[in-house]
Each structure stands twice: as structure tokens, then as C-alpha cells.
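Q: Residues per chain, in single letters:
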Amino acid sequence: MLDTIIRIPPFNVRVQSSFPEVRSHLDRFYEGFARLSSDAFVDFDVQLLPGKGVRRLWRKQVRFQVDSQTPFLPLPADQAAPLLEWGLNWTIASRSLGYLVLHAAVLARHDRAVILPGFPGAGKSTLCASLCHLRDWQLFSDELAIVRPDDGRLVAHPRPISLKNQSIDLVSAFPGASLGPLFHDTRKGTVAHAAAPKSSVAQAEATAQAGWIVFPTFRQDAPASVDEISRAEAFMLIQQQSFNQERMGDVGFETLCALLTQSRCYRIEYGSTEDGLNAIQQIVESTP
Amino acid sequence: MPPDVATLVALLSAPDTAEHLDEAAWSRVIAVARNANLLGKLAARLDAANRLPPGNPSRHLVGALMLSRRQRQSVTWEAVQIDDALADLNIPVVLLKGAAYAMARHASADGRLFGDIDILVPRASLDQVEMHLMVSGWTAIKQDAYDQRYYRQWMHEIPPMMHVRRGTVIDVHHTILPLTARYRPNPERIFDAAIPLPGYRCMMTPSPEDLIVHSCCHLVHEGEVDNALRDMHDIACLLESNTGSGDFLHRLAAAASDHDLSEPVALALRLVNRFFPDACTMEQLEPFGAKRWERAHNALLRRYMRAIHPSSEGSIPLGTAIARQLVYVRAHRLRMPMGMLTRHLARKAWMHLTESPKTDARME
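Protein sequence lines, in the order shown, are assigned to chains Z and A. Take 1 as the starting number for the first sequence in the working numbering and just add one per residue. Take 1 as the starting number for the second sequence in the working numbering and just add one per residue.
Everything hinted at is true.
SDA-like cross-link-like pairs, simulated, lysine to any residue; straight-line CA separation at most 25 Å:
hint, chain 1, residue 1, chain 2, residue 2
1, Z, Lys52, A, Tyr328
2, A, Lys142, A, His344
3, Z, Lys52, A, Leu345
4, A, Lys348, Z, Phe72
5, Z, Lys52, A, Asp226
6, Z, Lys52, A, Trp350
7, Z, Lys52, A, Gln325
These aren't lab readings, by the way, just hints derived from the structure by calculation. These numbers come from a predicted model, not from an experiment.
Pulled out of the complex, with its shape left as it was, chain A reads as follows (with noise of 0.2 Å):
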């Protein structure tokens, strides 16, 4: 692990390890924290232990809090949004991600910055929720044909969703995984064991163990590692505020099996125990079935080391670069069969080379 990355990850567990800290040191850890988009839980952390650092480091932390804060307010407002358009549909929708863990108002939420809004619903009121959602104001963002034709035949959501008005996105998911994937998740698995959200017609979030279930599956399926330290800050958080409640952890070895993702949540929580091993130690993971998988994950395990490392420099090593690409390909491989992803990644190339450029550097 790059020592910044030590120090960030010691930060998170242990905030007292912020009285070592020089100016300098400061200065690496809040740009590698912001890198991982992990500032706003960082800051957060530091908050809660009483550590926010004197002086200028304290800056960017406060104003990670303050974003992550309005950020809350405004996934809030989305979700009463969300819930005021889909009401009359009487079908669950269960927030996912970053919005339940704010709703639910777990740990993970906090000072945590969000992006999209992610819900999930039953598969056959895909067609009825787009409406619903279209006469409230979100539209389509991706209309190139193959884009609407890859999201529709091959995923596990519709081509995303923005309003109009706030501009605010919404993916709406009918299940965890794309179809095409290796596994086969169970969404009614998480319909019934959602719990519903007070004050809210149709709102639900994940059951802690779905919840940690879906981040996992998320974490090693989703091919680019730039979050991949959060979304396992985001795990050991959940874990940690879940495992003093009795058999926790059967229960999510359990719903990781009906999932028929025993493999890759059992990779996820040794990814998870290499970063922050007060929060799943290695026997905890026993009911698990880790054991099946031992020697294939080990050489996993060192490529994901590898490729995570959310450097403040600007080139990043050449063993990283390649572990990243590997990551990448191994990610879409579990998502897509070959030759269906040899397909797809050589129209995403032809597509990129022939799109227009991104932004200008002007300030008005």
C-alpha cells in the first residue's frame, strides 16, 4: 500500500493518528483523500473524534463537509421526488447505494458525496416506472441507438435518467448485476427483505446484509477502481455498525448465497480486511466459503492491491496502469461473455475516438 494511502486508511480507523501529521503530510493525505473521493468521510470522521486539523488542512475538510451536507439535503429532496412520482404504482422501490446508506441513515453516509440516485424495481414495471418517472420531468440522457439497445438487451438498468429541471440523474436498476453476468443475483431477495422507509409511500432500503451484499458485488464487478477505497470504507462501515447484532455475519453469508454471490462478496471482504482489518477480521469470513476460493483470490488480491492507489501524483506506475487495465477487463469479462465483450469494447473504442471533446478552459 502507498504510504499515503497507509496513513489515509489509519486516518479513517484511528482518527487520533492525526496529531503525527505535519503540514506537509496534510497536504498528501487531503489530495489523496479527494483523489478517492473519500474528503467529505474523512473530514467527517475527524469531525466526530474532535481531530479536524488547526489551520489550512482544516479547510478543505470543512468544505467537504459542507458539500457532503448539502448533498444529503438534496438526495432527500430527490427521494420525496422519486417517491411523489412512483406512489400510484403501488410496486416497492428500493433505494440502492449512497442514497439508502443516507435514508437509512447508516454511518457510511457520513460526510460521504454522492452522485447518481440509484433505485431498483420489480423487472416487469420497467415500462410503467420510465413513464411515470418521464411525466415528472427525467428524461433520457443517452439517446445514441446503441447505447439504448445496450442498456436495454444486456443490463441490469435502463439508459440513465435526467430531470429537466434540477438536473439530477436517476438509474433505475430491475436487478444488481447486468444479465449477461456470470451470476444470476435475486432481486425478490431484496424486495422482501426491504425495509420501509417512515414517512414515505413507496420508498424502501435494502436490508443491511443486501446492502453489504450489493457493495461488494459492486466493488468487483465495477471495472474502474477511482472509488474502490470508498466503497470499501463504505463496506467496514456497514459491517462494523452491523456485527455486534448476534449471528450478523451467517446471516450476510447467508443472503451472499441465495444471491449466488458467495464468490465475489467473499473477495470483496478480504479486499475490505487488507484495508481496514478491525472491520472483518480473516475468521469472520469462514462462513463465507473464502477457503474454496483461496488461491484464485490470493492472485486477485495482489493485482486489486495494485491497482488501487489513488495517487496525488500525476502519472501513476506502470504496474498500477497494468493491474488497473486487468482489473478493467476481468470486470467486464464477469459482466459480459467474451465474445460479446470484444464486441462491445471495440464499438465503446470506435465511439470514443470519433466523439466530440469535453470541455474549453474558459472561466465565463
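Just chain Z, same shape as in the assembly (with noise of 0.2 Å):
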């Protein structure tokens, strides 16, 4: 039985599981994060559990708990370790922690991070993962964006990078990537995990103010284009990529405007991994 209490900045989880593929999980993908002792403050405390009743007979399920609360319906056993990464980023999302949480891919560089929220089929993560394998940008999360509402600051959570269906293989070809198995048939088609880039993980409790906000979309083979939008309208678009704005009141409101203040916003639409670059390139260097 696994038992154990990691340090995923800023955040202390402790995880226990009977699954075999949740310690491998964990070996590979938190090799680099601190294990606390024992008497560490648990943030979440999370357990991937055998399904319960008759089902597991004939079909070997696994059931995500946190704090003994069972959030969603059991998966086939094979996928524990994606309902691990899943049942976390619930977590985060809906927990009332004082951070404003937003549904986006942060990297950082020299202090300052792009924000990359995350519209289905924006190409998100193949970008979040090309800039931190491919150009020189730091990790801080590929799908939550934390802030720290008494200074504004973006708050690094370098976990592995979700990858779906095709950007798989686009992925696993970049240099320095190292991806675990294939989950088949989940829910979002064909999964695997990324590991965070080594160096991402070394300052995983870094912080960073915000530089950038860009909407990403990738269309296959598009030209390149790239726009600056108002902070009007970028507020309107983040907004709806949001978990708990709403939630936090006032300061919510105003973590979110100050948030849009320290930014330039921009839309980009991309045709390949160049150009999705060369993009957030011409973006960062138009920026005095």
C-alpha cells in the first residue's frame, strides 16, 4: 500500500493507493518533488480505491477520494493514474484555497509568464509543451493557472502534461520529452503524460507576474496571424476559463483585473508547431 506525502508546489498531497500503476506513476512523474515527513500539513489528502460493489467481479475499477469525498464516478482500473492527474486538477479547481484558478496552460521566462487559456482545441498543451522542449520557457502548469491574490503573482505547479490523440506522437519526437504509457479508450480519447522538463521541476516554487495573455487557436496548415485584443475583451474570454472567480467575491474580481493590468493581450491562430512558436516569440519581443 502506498503511502506518501508529496511536496506539488504550492501544495502538499498525500496519495494512497493500492495500485500498482499509481506508484510507477508517481516514481516517474514526481521523481524530482520533496517527500515530506509524516507530521507535514496535508493539503489534499487522496486515495485511488479499489471500486466498490458487485462491478468489481467482473470488471477491476478504481474510485478517487479526497478528504472522504467521492466526486465522480469509478474508471476501468487501468486508468489510475490519469484519475489521479483528473481527481487533482478537480481538486484545485473547486477547493476555495484563496487562489484565483484559471483553466490555462503558464510559462515563465526571466520573471515573466505567457498565459495560454485553454479553449477546447486551442492546442494548448502541444504548445505549452513545444515552448518549455523546444525554446527555453519554464514550466509553471499546462492546465491551471494559479494566482496568488494578495500581489497578482502566477504561482508554478509543474505537474506532467496531459497530452491527447494527436499530439502524442508530435510530442514524444521533440527532444528532451519523456512520455509514460497510452491510456486507450478514456473519456478524452487516447491520454499520455509528459514529464515537466527537469529544470522546471528544480524551481517549481517559483513565481512570476504575468506578461502575456494569448488565446490560442490551431488550425491545421492555417496561416499564422497574430492580434492584440483589449483587456476588455481578453476579460470577457479568460473569464469564461475561470473555476472559481465567481466564488472568490470581490476578490475574485479584482485578482482577475489585476491580473489583465500587468498583461498585454493577444489572439494568435497557428498552422504548426513553428509558427504557434514564432508566435509567442513575436509577441514576448514586441514587448519593450
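Combine the two chains into a complex, taking the hints into account.
A: Now the structure itself:
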């Protein structure tokens, strides 16, 4: 039985599980993260448990439990590792922790961060993987932008990047990319995780100031375009990608405003990895 | 009482005890408080005493405070909307439970999380109230014919209604216990003693006595103990802020007796005494005639003490599980006669088996 407390900044997560897949997932993707002693504070007490009921006789299942809550239905047992990742995302997004949490990839360089909000089909995860493997961006997160209300700074949370379907082959060819096993027939299709770059994990306690908010759209072979948009328009768009701004009341609203005040906002359209990288570079270089 | 629950209760009564907690103890207390729906109240209590812990634990507490502040704003906005929807009817509209604590600015609302809004209206006006709410955008959630009949024939409320745009839920009551219950509280008394809310046209809050009687009867008639600790803390707060005023406990006992609810109120207060002895001492229970039911209540108290166990662990002890089941069945027996109860639980079990599953693990 696995029972360990891992420092996944900015949280301490206790993971308990009897599934060997969960142990090997943690060994592979959370190797560089500190293990804490049993007297540490635990933010999330996570358990991955075998399914209950008669179904377990013919079909093994895995349940996700956090602090004795079971927020969703069990999945087939071989999806225990992706369930851990999804469950953690859900927990961070739904818990009131005083952080503003947005659905976005975040990468940083020289204390300035680019935020890529995640509309479906935007190619957020692929662009995120290419920025941290092909350019020297530090991975903050491929899924959750975590913003501290006190000073409006983004907080690093460098977990493995979750890749879907076609992007798996693409990213596995990147130099330095390290992918785990494929999980077929999940609700998102085929899924695989790519390890966060070692250098990003080494700086996992970092924070950065928002610099750019970029709304990407990927269309195969489309001509590349970069358009600056107003902060008001960006506010409307990014608000739809916020998990908890509404629940945080005034603080949530003000934090989002502060984030936009620090940032220049863009829409980009791109048809290849190269174009996506160039668009980001163009945006960064055009900022004094 | 399990040790973590004892720590939580101690923190609520005496925030200074926070000084002695280490990080591991904070993780357990925060998990227990969250499960008991008390995280925001704990945070408010610690914050008021300047005892919020430094570092990681405080984030959970501060986050819960933000959520409760936001919910309080939203309750206020709902009260404005309901006032607008029902003002033309010229009837008293009395807020109950959480919404009443918040709007009357009782200490029990500090940091509290709110669910649905509960209102009490005269039974004769139910049809009109329902119609006015529908015109203003609320619609019935439970469309099922059995549920509709269950509420309308037997219950103390009509089926819950949800606002089509805001998604908020309102429970419209015409009395505070089901029509089928063993006791017959008197809603007229609540309307007569209710206090108008300044700035509103028809909104009122119950007198402190009626608020406590209702909370008590909710505590022992509601079969689920998930919120029992929170409800007891509500009662403790209400008692503490009122017992200063002379003969409050005698007026409370008189209210309980007028409502034909002396027995459940006495039981509830004894329960509150077990967890929050400062809020009501055993001697103060004298006016409620607690002696009369002492032996029966001793046994029930033991059962409740076992059932109230907001554990942070995944599985609950067997003794707790059995005690919870007994509390559930007893509460339902108080709510309806035995034959009716058997039919209702059988029907519910059947509906539970055939209903569709809940949510899935997807993020997007």
C-alpha cells in the first residue's frame, strides 16, 4: 500500500493507493518532488481505491477520493494514473483555497509569464510542451493557472503535461520529452503524460508576474496570425475559463483585473508548431 | 467524541487553543471542519480572535471565508429578489435558517456557508406565492409525479424551486415540520413574533426564540447527521448572544411549549450541551422540563454521540454507521406514521435503484 506526502508546489498532497500503476506514475513523473514526513501539513488527502459493489467481480474499477469525498464515478482500473491527475485538477479547481484558478497553461521566463487559456481545440497543451522543450520556457502548468490574490503573481505548479490523441506522437519527438504509457479509450480518447522538464521541477517553488495573455487557435496548415486585443475583450474571454473567480467574490474579480492590468493580450492562429513558437516569440519581442 | 472533533469544538469555543496545534493537527482539523460544513465558521472564529495560523493551513481557512462572504452577498441579493416577487401579496414572508441568521446579522452567520434559501409563508397563500415566484423566474425542480404528491400532501413545504437564470434554489415552507409529523408546531406564532427586515417590504426574520426552536427541531428531525455539528454550533451561537437578556431561556421554553416542541427542543439542547457546554448548562435546561424525558433522552444522546462523527477518514466505524441508520429511521418515524414511512422508504429505494448515475471524472 502506497502512502506518501508529496510537495507539489504550492500544495502538499498525500497519496494513498494500492494500485501499482499509481506508484509507478509517481516514481516516473514526480521523482524530482520532495517527499514530506508524516507530520507535514496536508492540503489534499487523496486516495485511489478499488471500486465497490458487485461490478468489481467482473470489471476492476478505481475510485478517486479526496478527504473522504468521492466527487466522481469510478473508472476502469487501468486508468488509475490519469484519474489521479484529473482528480487533482478537480480538487485544485473546486476547493476554495484563496487562489484564483484559471483553466490555462502558464510558462515563464525572466520572471514574466505567458498565459495560454484553454478553449477546446486551442492546442494549448501541445504549444505548452513545445515552448518548454523547444524553447527555454519554464513550465508553470499545462492546465491550471494559479494566481495569488495578495500580489497578483502566478504560482508554479509543474505537474506532467497531459497529452491527447495526435499531440502524443508530435510531442514524443521533441528532444528531451519523456512520455509515459498510453491510456486508450478514456473519456478524452487516448491520453499520455509528458514529464515536466527537470529544470522546471527544480524551480517548482517559483512565482512570476503575468506578462502576456495569449488565446491560441490551432488550425492545421492555417496561415499564422497575431492580433493584439483589448483588455476588456480578454477579460470577457478569460472569465469563461475561470473555475472559481465567481466564488471568491470581490477578491476574485480584483485578482483577475490585476492580472489583466499587468498583461498585454493577444489572439494567435497557427497551423504548425513552428508558427506557434514564432508567434509567441514575436509577442514577447514586441514588448519593451 | 473522536479526538479531531474535540479539537474542532475546542477551537470554536476557545480560539486560543489554536496556539498548541502543529501542522499535522491542522490538516486533520481542517478536513474534519470541511466535512462538517464548519470550515468557514471556524475561520471566522479564528479570524475574529486574531488566531489564524500562519502558512499553509491559513489558505484553506481564508478561502472558506471568501466563499462564505460571497454566499452572504448572494443570499442578500436573493432576499431582495424574493421581496420584489412577493411584496404585492401583502403577506408576511419569513426567512428561515441560514438566510435568517445572515439577514438578521446573528453571530451564527459569520463564516457560515449557505445552501438553499428557506422561507415560511401562510399556508392559505401558498398557491399565490408559487405563482408569483414562477412569474419571477423560479420553476419546480422535482417534476416527478411521486415527488410532487409527496411534498404537497405530506410535507411542510412545496417542492423546491430553482431560478432559471441564477440557479439559486428556494424552499417554500408553510410550517416547520411535515404535516404528518408527531408534533404540530404553530406557524401563526412565528408570523406574530417575526421581526420585519428594515428596507424590505414583506421580508421578516423569526424572533430569536423561534429561530432556536426551529434549529433544534431541525437538528433532531432531520435524519442526516452530516450537518449536525454545524446546526449545534448555530444554536450555541444563538443562545450565547441572547442569554444575556434576562429571562430569555424562559421565553424560549414558552415558545417551545407553544409549538408543542418541548421534547425535541429539550433533546436538542442537551445535545448542544454535550458539545458546547458554555452555551447552555444543564441547570439552564430546567425550564424545558428536560427531566420528564431524561431516561429516554439518555439513550438517544448516546446514539447521537456515536452518529455525529465527521470523520476525515474514508470509512466510518461500524458503530457509527449503525447509529446513523438508527438516527435516520427515528427522524423519519417522527416525520410520518409507520405505515406511511414503510411505503415511502420502499418507494425511495426503488427510485434510487432506477435513477441515472451522477457526474463523471472529466474536467472539460
